[in-house]
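Student: The listed protein sequences derive, respectively, from chains A and B. Just so it is clear: in the first sequence, position 42 is 42 by the working numbering, and no numbers are missing. Just so it is clear: in the second sequence, position 51 is 51 by the working numbering, and no numbers are missing.
Note that the list lumps identical chains together, so a pair holds whenever it fits in one copy or between two copies.
With a Cα cut of at most 20 Å, we get these calculated DMTMM-like pairs of lysine to aspartate or glutamate:
#1 Lys81 / Glu127
#2 Lys132 / Glu91
#3 Lys108 / Glu97
#4 Lys73 / Glu124
These aren't lab readings, by the way, just hints derived from the structure by calculation.
Listed here are the chains, written in short residue letters.
Number of protein chains: 2
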Amino acid sequence: MKENHEELDQELNDTQLDPETEEVEVSEVEEEANELANLQAEFDEMEDKFLRARAEIANMANRGKNEREQLQKYRSQDLAKKLLPSIDNLERALATEVSDEQGASLKKGVEMVLESLKHALKEEGIEKIPAKGEPFDPTLHQAVQTVPATDELPADTIVEVLQEGYKLHDRVLRPTMVIVAQ
Amino acid sequence: MKENHEELDQELNDTQLDPETEEVEVSEVEEEANELANLQAEFDEMEDKFLRARAEIANMANRGKNEREQLQKYRSQDLAKKLLPSIDNLERALATEVSDEQGASLKKGVEMVLESLKHALKEEGIEKIPAKGEPFDPTLHQAVQTVPATDELPADTIVEVLQEGYKLHDRVLRPTMVIVAQ
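Bound-form chain A, shown alone (with noise of 0.2 Å):
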């Protein structure tokens, strides 16, 4: 554009320096003109591509600080999921019956450190699904069983907990298994 720019000024000299010449000018005239219509409708378009790209910045923004902070609110998922065995093992592990002074006091240690795990875990925002007693919840839980509802446990009830379900703050890391009275 800077071209026709410098050329135009040379026109316009030209004009200057012979101003007899009534046709010509009529003709620059309506050529600057054109040329005027035609860069208006550059800078129409330029300004339209300017506003697209700063739309699309403030876009680009929102965007990235959401799914930064999806990454932030999920980022222990994979290693808590990971964890949940571990946890699941040490559970087992208590259930061991312990009959002299010395097992008493590894049972007390590793009653202490699933203690400990679990508040890692609950820091972190990761909570054991409530389940036993609590109506079935396809979301949350998983019928592995079921056994026929009484009057004391109506239907859709959860009769047992096979494997306790975890989840991190909305989403389930894993479903309880339960069974189901039906």
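Use these hints to put chain B onto chain A, whose structure you have.
Tutor: Just chain B now, with coordinates in the frame of chain A:
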């Protein structure tokens, strides 16, 4: 700018209707040339703004990608740090002597849990920092105590580990607390 453009069309029509007014035409040519120069300047400015916005979009995309990669790489950092005391305690619990079969069975269970915990951590890029017998490295180890160096234990060698240290990829989660020969 649209208004200017329409105005210009009008001026052009006036000009064509009255080819006699030579003086006016010259001034009109001048005026239009000015308008063209102004519009060109505005176009250049707009183009510059657009090019800057486009560069910013490319920068944001790059930054966003790097940020996501970093968040992903170190996502397990917080939970892993909170798990370290549990691992310390499990290792300590395993130091307990047991004398009967129940105690041995409990201990076996705890050993398996510790293995599966360490496996889970390793899969997330978390590993014990090598220490005993290694040369002391202040970026990985913390010297809590020193002992005189000997022929077998030259200066700056780690003699004993008081508390294990861990790193997540290249990042130290907790330095190893050590006794160093000096």
